[in-house]
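Residue numbers (the working numbering), protein chains in the order written: chain A, -18 to 116; chain B, -18 to 116; chain C, -18 to 116.
Be a bit skeptical, because a hint or two may be false.
[Said to hold, decoys possible] Stretch by stretch, here's where chain B covers chain C in the computed footprint (C-beta under 8 Å, at least three residues): (1) 7 to 18; (2) 31 to 44; (3) 47 to 61.
It is worth saying that the hints were derived from the structure and are not from the lab. Idealized CB from N, CA, C, for every residue including glycine.
For reference, the chains in residue letters:
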Amino acid sequence: MIKHSEININTFKRCQWIDITPQIMHIVSETNIKNGFCIAASLHTTAGITINENADPDVERDFFNILENLVPKLNSYYHTEGNSDSHAKASLVGFSTYIPIKNGKIILGTWQSVYFCEFDGPRNRKISLTILGEN
Amino acid sequence: MIKHSEININTFKRCQWIDITPQIMHIVSETNIKNGFCIAASLHTTAGITINENADPDVERDFFNILENLVPKLNSYYHTEGNSDSHAKASLVGFSTYIPIKNGKIILGTWQSVYFCEFDGPRNRKISLTILGEN
Amino acid sequence: MIKHSEININTFKRCQWIDITPQIMHIVSETNIKNGFCIAASLHTTAGITINENADPDVERDFFNILENLVPKLNSYYHTEGNSDSHAKASLVGFSTYIPIKNGKIILGTWQSVYFCEFDGPRNRKISLTILGEN
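Isolated chain A (complex conformation):
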């Protein structure tokens, strides 16, 4: 059984991550799939998806400072939209992530959440969610 779904979110800063684990859990539970996995994928080119710590908000602060240090927003890029850094950051972080489903629940490590990573907000964004498995 394969089900497709979509998560819509609004970001409110240029660079931030948003925990989409609750939405994923909700959609997975509605499918009634007990054993399988799901894949969450960003449908954009300046926003990615990653997994990271859900406990201390300073991890997010450090993460985006580190990325800004690595790939600064500059005016000297060839692409004239002012977001070449965002395109590169998204490819470095990646556009999709995979989560196993067991006994109807998604399997994440104790400290793991799934984060949508905005690198060129604020914007309205879409995440595709594919859930595959058996009842």
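Got chain A; can you put chains B and C on it based on the hints?
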């Protein structure tokens, strides 16, 4: 239903990306799978796969300049083949990407294409494509 | 058919990679799945999974030096556990990787192995393995 296929390409520069979306669309349509997903994976260690913008070629130029800035090709690495930067760039960008299939068509965002990322060309390269789903 | 399994490993340095290809091959062969794929996922936030060269150990040395250069372990991060670099490195490398299965064997390129990437060891770590396919 699970089908495996392979895409063969020749790269012609040391570092470049090549849009493999047309090949993926063609192979997916030949499987007759209407609902599912596919995964494209690089079978190399100095070439990865990513998603990025398909409109302005300057995004590619900036992307590879940014990566070259981050991980320069140097002679001072321990690995003596002169491509330690390529190995690192490939791991940073990643080796596979995931694309949903709905109504027989791959689902990508408006500006998204799937790119094979060559970091140590020119070479002949192979991409594995797995398509899973139902008719 | 979908099977979940887990790989447990002990790392012995702060930063290192460990080739988990033999464990993956063993678990895949025990499932009797002949055609399909598997996904290996790190259940942590300071350790990722990648693919890279299995021939010259200097590739690992260069890889971790390059990452340390990009994201140094510093005391000046906001997150006070001393491992903000580890969180960022894991998100850059990614948390999961995908491997096709054909004729009962995993498909990797000639030089490819699957590596668990420890960025904050030594620790006991868990990798989730999902194998999907048909006999």
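These are the hints, each one checked on the structure:
{"no.": "1", "hint": "7 to 18", "verdict": "holds (count 3)"}
{"no.": "2", "hint": "31 to 44", "verdict": "holds (count 10)"}
{"no.": "3", "hint": "47 to 61", "verdict": "holds (count 3)"}
Taken one by one, the earlier hints all hold for this structure without exception.
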